Amino acid sequence: MHNSRRKVIAGALMLALSFSAVSCSQDNGEAQDGAVYGGEAVVGITQEPMIFDPHTVEAAGDKEILFNVYEGLYKYDSTGTLNPCLATDVVISDDASEYTFTIREGVTFHDGSELDAGDVVYSLNRAAELIPELSFIEDVTDNGDNTVTVTLATPNSEMLSYFTAAIIPEDSGDTIGDTRIGTGPFVFTSYEAGIGIVLTRNENYWNPELPYLDKVTFKVCADMDSGFLELQSGAIDIFPYLTTDKSSQLDPAQFNVLELGSNMVQGLFLNNAVAPFDDVRVRQAMNYAIDREEIVNLIMDGAGLPLTTAMSPVMGEAYDTSLDGTYDQDIEQAQALLAEAGYADGFDMTITVPSNYLVHVNTAVALADQLSAVGINATIEQVDWATWLDRVYAGRDYESTVICLTSDYAPYDVINRYISTADNNFINYSNPNVDEIITNLPLTIDDGERISMYRELLGYMTEDAASVYIQDPYSICAVNNRLTGYELYPMYVQDMSTVRLATAE
Amino acid sequence: MRSSANSKRYLYIGSALLAIVAVFFIIGLIWTPYGINSTDSASKFIAPCAEHLFGTDNLGRDVFSRCLAAARYTLLVSFAGVAVALVIGTITGLLAGYYGGIIDKVIMVLSNSIMCFPGILLALVAVAIFGPSLYNVIWALGLVFAPTFARVYRSSTIELLGRDYILSAKVMKVNPVRIMFVHILPNLMPQILPAVIIGLANMTLFESGMSYLGLGVQPPAASYGKMLADAQSYMVTAPWLIFFPTLMLVCYILGLYFVSEWVRTSVNGGSK
Amino acid sequence: MGNEVRTVFSKICEFVLTALLVSFFTFAAFSIIPGDTARVMLGPDASEAQVQQLRTELGLDRPLAERYGTWLRDAFRGDLGNSLSFGTPVSELISSRLAVTLGMSFIALIIVILVSFPMAAFCSRNPGNITDKTLSTAGHILFAIPPFALSMMLILIFSKVFHIFTAGRYTAPGDNFGAYVVSLLLPSLCIALPKIAMTFKFLRASMIEYSHSDFVRTAKSHGLTDLRIMLRHIIPNSAVSSITVISLVLSDILGGSLIVEQVFNLPGLGRLLLAAISRRDFPLLSGIVLYLAIITVILYFLADIFAAVIDPRIRDRRAA
Amino acid sequence: MRYKGNILEVNDLCLSLSNADGAPVKILNNLKFNVRSGEILGLIGDSGSGKTMTALAVSGLLSDFAHVDSGEIIFEGEDLVKKTPKERRLLLGEKIGVIFQDPSSALDPLQTVESNLSEIISIRDGDKSKGHERILNMLKTVGFDDPKQIAKRYPHRLSGGQRQRVLIAGAALMNPSLLIADEPTSSLDTVTSMSIMQLLHEMCQEMGISILFISHNLNTVRNFCDRVMVMKEGTIIDADTSWDIMGQPKSAFTAELLMKSKLDPHALGITRGEARENAASVLTAKSICAGYKYAGFTNDKMNHVVNNVDFDILEGECVGLIGSSGCGKTTLVKSILGLIKPSSGIIEMNGRIAAVFQDPVSSLNPAHTVRWHLAEALRASGRKMTREEQKPYFLKILEDVGLEGKHLNRFPHQMSGGQRQKAAIAMCLVQEPAVIIADEPFSALDASSQASVIKLLSDINANRGTTMLIVSHNLLVIKAMCSKVLVMDKGRIVESGNTDEVLENPKAEATHALLKAGKYAV
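Residue numbers (the working numbering), protein chains in the order written: chain U, 1 to 505; chain A, 1 to 272; chain Z, 1 to 320; chain F, 1 to 522.
Just chain U, same shape as in the assembly (with noise of 0.2 Å):
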């Protein structure tokens, strides 16, 4: 739940929305007419912010803030759409190797210098640099007729989306952290540590029709529940990533809530390369022994959808309904499969969680019960998120733990992680075919064909029962409704330009 870049490709995006529950969509009606300018807002966020370097930030927490600052060629909207923003228009060469991008005019930085094409060539130079899936980039030219030619070291038709990467002014890499000077619809005011962000309204901002509101601030709360007690004592206006324990409480005379499906994959991941979890079949019988729905229900309060396998639904076309309902509940195919594998009486296992993520520790909780029926008695052991990083994540040392993967709005950053030699491969699964598909993947140029090979793979993993795959939680975001046109993003995004107040105050 916590950390991700997540650009999307517009076409999937349609999908993702058709069962998020309740869009944004109350406002639309009344809103465009009598658009009231001027207020402030206050955001409630739970992590400190850190970095704002936009081509260094790696926190989801920054990122969403920093979105309002900083802006890109090309930037999404809430549909996951990609529409242009810098550039007015992109021309792609038919090998797919050369982006060519028309730099929009009359667009200024927030010190008053006037965007140019030395600009975006500095900017994109420098984020090839320091982003690591910019690295494709091999030269940026300026054509000198307000266009840049963007050349790519292999052909990639998926690179559109990359090109959101922010535009800052020339040269001012060094002090970009400090100054934090972007184009976006407002101006980074201040910082001050356990205390929050201060943004105001960018007067030159080059759609003159945003942004609505004069200040907005970004209120850090020690944790969700100081967090929500503010919200609903009206100290802070927009409270994202609520559980629904919390969103339910709240009197919705007051509060508009907003639910949306994430691209996130909890699970229960098991290290493949350590006893008794190197068995396919006592993965496979954890699988059956499961009720995701139970916990997605215990957890969640159902604010969840259930996954048979690492990839979730919302990923549209790659995605293979067919292996919907594979591993559900049953305990007497999982106690078979254990038997089999020579566990007939079950074994102990521990399940490492980060203490830090209240969700986790949960599932856990629920998960070492509904194990115990088939003879699996699990301990669960909390650490905290450094340890965790350190000796989970990158040391591997684990049997299992409780965590949940974020990735890009794009299938292959979502399956890139299970190549047997990934940096990031923490559950050290490996399968030959597997590896040679996701080799394959970026050579392939057919759309058609990526998506079958994108089934192939996801068959081979529900086979293998990589781990145990739980949910992928919805994303619920609560605001007070003094404030409208607040439009909740299926990535990390706090898109303040388009909040506005629901009646001038």
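Honestly, I wouldn't trust all of these hints.
What the hints assert, rightly or not - With a straight-line Cα cutoff of 27 Å, these simulated BS3-like cross-link-like pairs (lysine-lysine) come out:
no. : chain 1 : residue 1 : chain 2 : residue 2
1   : F       : Lys262    : A       : Lys173
2   : A       : Lys170    : F       : Lys286
3   : U       : Lys219    : Z       : Lys133
4   : F       : Lys26     : A       : Lys8
5   : A       : Lys173    : F       : Lys26
6   : F       : Lys479    : F       : Lys262
7   : F       : Lys396    : A       : Lys173
8   : F       : Lys152    : F       : Lys130
9   : F       : Lys341    : A       : Lys105
10  : F       : Lys479    : F       : Lys490
11  : F       : Lys95     : F       : Lys130
12  : Z       : Lys11     : A       : Lys105
13  : F       : Lys396    : A       : Lys170
14  : Z       : Lys160    : A       : Lys44
15  : A       : Lys8      : Z       : Lys11
Said to hold, decoys possible - Covered stretches of chain F (in silico footprint by chain Z; criterion: 3 or more residues with CB under 8 Å from a CB of chain Z, positions within the stretch not fixed):
no. : stretch
16  : 86-98
17  : 205-216
18  : 272-280
No lab work stands behind these hints, which were simulated from the structure alone. The structure presented is a predicted model; accordingly, all values stated were derived computationally and were not measured. Glycine residues also receive a C-beta, built at the ideal position from the N, C-alpha and C atoms.
Based on these hints, arrange chains A, Z and F on the given structure of chain U.
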């Protein structure tokens, strides 16, 4: 004079309160009405009623059953932690008070350092070195609390050193270790008992505080402190999740406190 | 005179030694526990290369001993360095949080003194009567409720039932001093209540003892009124004998404020401390620990001075 | 104008104290006496006889646990029992003054002498400047040479005698018609207590104050009081002029009290402990210097309390060590016992050494029983005994020191001061020491207990041949027990030799002073 009648009342009330905790502890070892860790999405957040005396929590677990089971961890952590602290604190405090001089200085600087050192970090270290078992956390907790006891012991020891009976023990050439532990130690009980009670209370709290970093009692096991820490999220919707563990803690701490009060007055009252 | 200089000098030496030890413990702890700042900052999705790069940028690739040496050298010059994870100077980070922690502790102390002295004086006049019993029992119960649980209950009552308090609404003292004090009142009360119970119990006992003391008997034989005896003799003497307890209470209050600010979501030192630990931010943590040590030492020192000011015997003992 | 006739008449006063269970215990039983205007009336009795309760009842300072059951206290013609607490308090400030036994804590330690005294004046007339003058004058009257200095001092920097003087000054400032003095001298040494009593005597005569003087010591009372009453178990059993009561006691109890307080060796049946012929020396001190370190800025300085002390104690001898308080007796004893390290000099010892200390309250460890104490002493002496052997042995020792078998399992707080001192002596006996050093072992005990402890020590010396070093300021005790005496003054031994020779033919000035004070008190 009249305090003796009062102190008897302390004993009665204190024992009654402790008896409640003891009954919970013993029943919890043998039987609970529901499975301690059996989760059920259909019975989340049920307010106290006939089926669930203390209600249910966010995972549908029976709070009464968990209160029964939690007694053992609360008692274990607090008692074992205080015992460790007491042993370390006793030895160092007596040494510092009895010998004074450079030994005293060294011990006091060390204990000051530990008092300034964040206890949670120490617990993290213990876990990193010895693995995340409850017992290691107890050791760490004991070490964190030891300086408090050492201080109490030290100052009271210094006070007792001038008493004639200690002088006469010295004149008899009684071995210093024996003077410390047999002659001085029993006389420190009136000072040490309240410190132990406060220590037990603080230990329980500290243990619950450590769950912020995943130390202490590991879920799904529960201690009263941890139940409280977990209940914080639901205090508005399900106040019973706070109320009952707090009630148990109050029974436990108040009971100990009253009994210690009785011990104190009956020891002091006699000599006066 | 020379003795006093000597005492102060040896106190300073002791403190420096303590500070050195604590920072060394901190340093040693960081070399033992798993996890490092760069990985925490970058999160799980960062590649090894990125982590390594940030490690180099932060200087984490240098040996720990060398980093400690540098830190120590700078600390002696009064420079606590920059926080690894926040990037801002440690002393800046801390001083902005001190307003909360110290303010809360101070208010709590005032509450403790303002409530426990009159209450103890009142109860000690007629020990055993109904008021005394009620207050004493209330004190015992308050003492037994963990401050953590007490905070939750008070938040529940004040914000949900009476709607007069908002958890987490904090105003910096520079912005509006009145609002600052108000925002700290309830948390301070949560810290203070159990300590009131403790101080009250001690003061009550000591006042009862003093009211049977010889000099009070002398004062009575001089025909002084009870009120005058209370104000002139019993309260000052109880204050002296309760100084040790009050200074213990003070350090408890400081520790308590670290816990309570979590529950009340106040940006104080406690949260910074937890952040420093969970981010493995060595300079920040050492800085906080050092500050806490300094505050504790100053508090004890003030208690000593206060004791000497009102008690001539202590003055003389120090001179001798 | 002073009231004529009986300033105080106490008639059939009954008073009870509620004990731990709330049940009343009779303390005063039909108490009846009167104080004539302008006289000094002595009231004596053992501890627990109700003397202090009488003082408190008359002054109106009774605690909440005590209450008057019946009787009347008529002061200047008015019955005090019927008065409200407020009226009594007013009386306390105006007409009745009280001074108490222990001056060490009777002044507020946080306030100077002047502010301790000024509250007496300020509750009457608010004029502070006049008050200042009056306080200085009164301090001068009670014998301070530089009242200005004393007025500025805090109580802890005054000696016991000085504090008692300040308290008397306080009482005198109120100019009362009745002064109740409850054992005002018993915690002071003989020289000081003599001067305090002289002061009281002068006040009685010059200011016409009647004094009710309470003491457990007949000797103190008889030279000083006009009349003496003897109290036992809450009633007056004997009352007469001091001459008569000392000469021809009417009751047996008074006679016994008198006998004990005289410490007549024959009546008590004690003999002086003499060294045997050709006795070897048991304890030898050669040029002992000892004292306390205090921190200087550059180096530690030594404050010598004992200077170049030499003595030699022979086997079987009972030696007395006398001197006024502050002369270094206690420091010398501590260095002999090894509790402080002498800065120079040699102490040679031939055999074990055991000690009995002054304060019976802390002489035994409150956490342990008498049996434990004896076992501990046995253990310390290095002898081994099985539990079965121990019991008869301990019972025998207890019998020797005059305790009973039931005391074996008692805790210190369950015994009286005298019994505790005896238990401490039993501990000494268990160790079978060559020397017992007793540091003021009697001074905190009442007359009866004193006599029995003296007898006990003397018997031990006689029967077991144990060498004794008795430290005391009571010359009678020394005279009765010791064959040799050492006189100490300002850290040095100024005179030593045969007891009779030294006390009858004193050479040193310090000995003179001690004797003079002793005679007045005796």
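Using C-beta distances, would you say chain Z covers the stretch 205-216 of chain F, given that this needs three or more residues below 8 Å? violated (count 0)
Whether chain Z covers the stretch 272-280 of chain F (at least 3 residues having a Cβ closer than 8 Å to its Cβ atoms): This one is violated; 0 residues, fewer than the three required, reach chain Z with a Cβ under 8 Å.
Just to be careful, I want the Cα atoms of lysine 160 of chain Z and lysine 44 of chain A compared with a cutoff of 27 Å; is the pair within it? Holds, because 22 Å separates the two Cα atoms, which is no more than 27 Å.
Hinted pair lysine 479 of chain F and lysine 490 of chain F, Cα distance within 27 Å: Holds, because 22 Å separates the two Cα atoms, which is no more than 27 Å.
Are lysine 173 of chain A and lysine 26 of chain F close enough, with their CA atoms no more than 27 Å apart? 46 Å, violated
Below or equal to 27 Å on CA atoms is what counts here, so check lysine 396 of chain F against lysine 173 of chain A. 24 Å, holds
Below or equal to 27 Å on CA atoms is what counts here, so check lysine 219 of chain U against lysine 133 of chain Z. 47 Å, violated
What's the verdict on lysine 152 of chain F and lysine 130 of chain F, does the C-alpha distance respect the 27 Å limit or exceed it? The given pair, whose Cα atoms are some 17 Å apart, holds under the 27 Å limit.
Does lysine 173 of chain A sit within 27 Å of lysine 262 of chain F, going by the straight-line distance between their CA atoms? 38 Å, violated
With the threshold set at 27 Å, check whether the alpha-carbon distance from lysine 8 of chain A to lysine 11 of chain Z stays at or below it. Not OK: lysine 8 of chain A and lysine 11 of chain Z at ~46 Å, beyond 27 Å, violated.
Within 27 Å, alpha carbon to alpha carbon, are lysine 95 of chain F and lysine 130 of chain F? 21 Å, holds
CA of lysine 479 of chain F to CA of lysine 262 of chain F, is that 27 Å or under? 11 Å, holds
The structure is inconsistent with the numbered hints 1, 3, 5, 15, 17, 18, although it conforms to all the rest.
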